[in-house]
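Got chain A sorted already, so can you dock chain B onto it with the hints?
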Amino acid sequence: MSDYDAIIIGGGHNGLVTAVTLAKAGHSVLVLEQRDVLGGAAATEEVFPGGKVNTGAVDASLFHDEIVRDLFLKMAGLEFIENPAALFAPQPDGRALTLWTDEQKTVADIARFSPRDAQKYPAFVQQVNGMTAVLRSMMLTPPPDLAALGVNDLAAWGKVGLQTKRMGSKEMMDFMRVLPMPVSEYLDEWFESDAVQGAIGAAGVTGSHLGARGGGSTLMMLYQYSGGFPRARFVRGGMGQLAAALATMARQKGAEIRTGTAVSRIQLNDDGQAVGVLLADGTEIRARVIISNADPRRTFFQLVGPQNLEPRFMRQVRNIIYRGSTARLNLLLNGLPQFNGQTSQEQFTGLIRIAPGLAYVEKAYDAGKYGRVSPNPILTANIPTLLDPTLAPAGQHLMHITMQYAPYTLHESNWQDKRNWLGDHIITTLSHYAPNLQSLISNLQILTPLDLEQQVGLTEGSIMHGQMGLDQLLVMRPVPGWSQYRTPIDNLYLCGAGTHPGGGVTGTPGYNAAREVLRALR
Amino acid sequence: MAAYLAKAGKKVVVLEKRHLVGGASVTEEIFPGFKYTVFSYVVSLLRPDIVRDLRLPQHGLTILPLESTLTPLPNGDYLYRDGDHYRSLRDIARHSARDAGAYDEYGRSMYHMAKAVKYILSMVPPDPTTLNPKDWLSLLDMARHFLNLPQEQLYLLAKLMTMSSADFLDQWFESDPLKGTMSASGIIGTYLGPRSPGTAYVLLHHYMGEIDGAFRAWGFAKGGTGGIANAIARAAESFGAEIRVNAGVEQVIVKGNQAVGVALENGDELYADVVVSSLDPKLTFLKLVDPKQLPSDLVQDIRAFNTRGSSGKVNLALDTLPDLACMPGNGRHLAGAISISPSVDYIERAYDQAKYGEFSERPYIDCILPSVIDPDMAPPGKHVMSCFVQYAPYDLNGGWTDAKREAFGDAVIDTLSEYIPNLKDIILHRQVLTPLDIENTIGLSQGNIFQGELSLSQLFFLRPAAGWAKYRTPIKGYWQCGSGTHPGGGIMGAPGQLAAQEILKDF
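Chains A and B, in that order, give the protein sequences.
Residue numbers for the first sequence follow our numbering, so the first one is 390 and each next one is one higher.
Residue numbers for the second sequence follow our numbering, so the first one is 279 and each next one is one higher.
By construction, these hints were calculated from the structure, which means they are not laboratory data.
Note that the structure is predicted; figures quoted are calculated from it, not measured.
Hints should not be assumed to be uniformly reliable.
[Claimed, not checked] According to the in silico footprint, chain B covers these stretches of chain A (three or more CB under 8 Å from chain B): (1) 529-543; (2) 559-567; (3) 861-874.
A virtual CB, placed ideally from N, CA and C, is assigned to each residue, including glycine.
With the rest of the complex left out, here is chain A:
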């Protein structure tokens, strides 16, 4: 009857985590990836001859160590690079702030901007890491089904509740108070320096079309620091090596992975249950369960088809807010850029962030709000070749630059016309902070939100598979009532970033989904 126990549509990192977890439990698994490269929005591609570019995510500090251990990924060749500097933030006045993993060094550096902030920083780090510890367990706990609270849900969330309680009453109340707050207000309680606020707080708008004054941006910031704060961790050989390690392990456990194989439809039987997939080339493959790593809107509108679902459910899926607002510029450089205010190259081994203040972030959002590209955008860059020279030809360097806000829906313009302008705009902006940048560029790649949709398959270019606003988290993700990786179609599951807990290279949606599927396959 069935050719496989499970077919996974999409070889992004979450799909592969699901594949390994299922294969490891002895199930026959087939992964179908439409592109020639694995990893989805966490892939490494040879965009420039000899240049291995991360075309999507760059930072792997959110990836859960439990999953690394449980899936034996180190044995499959996964190697992380921990950076001595987490964040380097050049300022318009020519100075630069560095957040080192070494707290003493960071305190000394912050003191140059504000002695008061420097004094408060260690307590801040402690509070953030206290809260992110709870967040980390929440990420591995599927949200409860509120309509039918089961013993499993209660037990799992009871554990999270106890962990929260153990923080202490004051800390627990702070946790609840802080999560829905705008990051601008939260950081106002801690810091006075724009440089410090911007460097730390800009993470609160990552991948969303919201500003620093938007409620819930504190939660988003904590989510971005859920791997520990401050921290930047890369994958040796490029982010794609994470997918490669997962693929290696999946194959070792008997899974089959086909790239360049697009799925055009999910096949249903007469009872409306998912029974297989139809490939673009007309082949049919059957399986007991189908798991989609594509985002919810793509899964239900394109792969299942609205005619097979209730209008009320489809309306919820249509109402998911995507609103991609992130663009990417990848550069091949003939040397290292020289940043204003830099004292060593070690300073920018982690992320480089242009966000001098939260008012700067908010103003960048103001433009995005009305469908315009930020005149002064937020830039988050890294130069992975500093610690991993094999990624580029000898003597050359790679630089990934993520910019916000580049709204998917442009007012009075379109992305075909604006693509090259966008590249220039990013380079000009960054050149204010690294004047020699322009002269070093030997090759470049520009990815607009439209490109991300067309090339990677991200609806509206949303890198999170749906905005991670408070209204689209936990029991609301991907749509209310369907937060446990199941769907209204029997035997069809979701395992991508559109499910709990959301985007970023965490591995958790795929891992949680696999555990849900295992229960069904038992």
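The following block gives chain B in isolation, referenced to the frame of chain A:
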């Protein structure tokens, strides 16, 4: 509060610093013959059980209906909604047939949401951090209440608590005037824009009255909002409470860790078993008592309590009726609200300016003409106009000066004149109130009309601070009962009523 305590047989004295009671809900004759509802101007949230318990109608409370909302548009068109439901639907349909189709469904959803939340309005917030079984029972009861809601309502409520009013309304509507006008309820009293997450809840907060308020809709109190305060004062006096005006309190007298009375500004001292502050949390904890007597956590939380004022008020005395370009002449529309809110983007842009410390040059304005509803408010043939304006940030760049205040007033008049061409010719007198004026006149910290923003991190057991949401304070015998406590602002009466219940339990 006073009325409830007196009704329970307690000996109560109310001390008011100004020459009249009411706080933000007062009516004053600032310009001879013209009565301004100086601060708040409409009523809807007042709890029906309070009206009943205190027999407010017998003490002179009369509410006149405020049935219509007119949204004039820059292109000369308008959106007009009034008590005639089908006529309103037809007008909405002129802008979008889809919106007219969704209007009733939206109304039904909000009705259910408000009914679900009503439960919380009448409860004292439990403290989730204690191990007290009473708190846990109350929390469990609350969880059961919400989990028993139909699933769809439960999730809609979750969305309402977390979304921006613009996104929330986008799920139903598409036309600018309707979305703009509706989203405006989500920003009132906040320093947020309609696209800021969290504003959908404020939308609900203002909807509550339409469902459950004593009057089922927005209304205007005869004699202005001062009429409400006066009725409650008469009720309190009828139960034996004493009310003293021109009696500002300087300090609460604390002996050991017990409040024993108050010291007045004139040097008098009054002693009592219980002292209750109706002032906002900042004044209650940081001014009336010495913060050193409080736990440092609480002081820190109160300092962080967000009370950014963002609204101003312009009160006008008019020689004759205003003439609207979109609906000329005298008509029933003048007995309703006139809302300058042509689109969500319009309000959002007004916010954009305010968040960087400028007042909005083209602000959101909500006007009513009290004298059209209640002729006693102005001399025959003349009129008063009450304009609520947002945004006017408390922390204006360079600070508020007389010149800035007049410039702000001019911006309001200029904006209104675009829709009311004869306005500038008929103004006899104007009173402009900035958030700083509101703070200076009636004491609201930073001029925040809700005594603290209604944001998720400042509601329920977090209002005004974690651990101190049950109207108590760390000082024995010292209580809080203002809008800065649960369930928050608006002329609702609930904080005072709940606080009175708690105090009586303790006696």
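Checked hints:
1. 529-543: n = 3 at 8 Å, threshold three: holds.
2. 559-567: Holds: 7 residues of the region 559-567 of chain A have a Cβ under 8 Å from chain B.
3. 861-874: n = 4 at 8 Å, threshold three: holds.
Going through the hint list in order, the structure satisfies each hint without exception.
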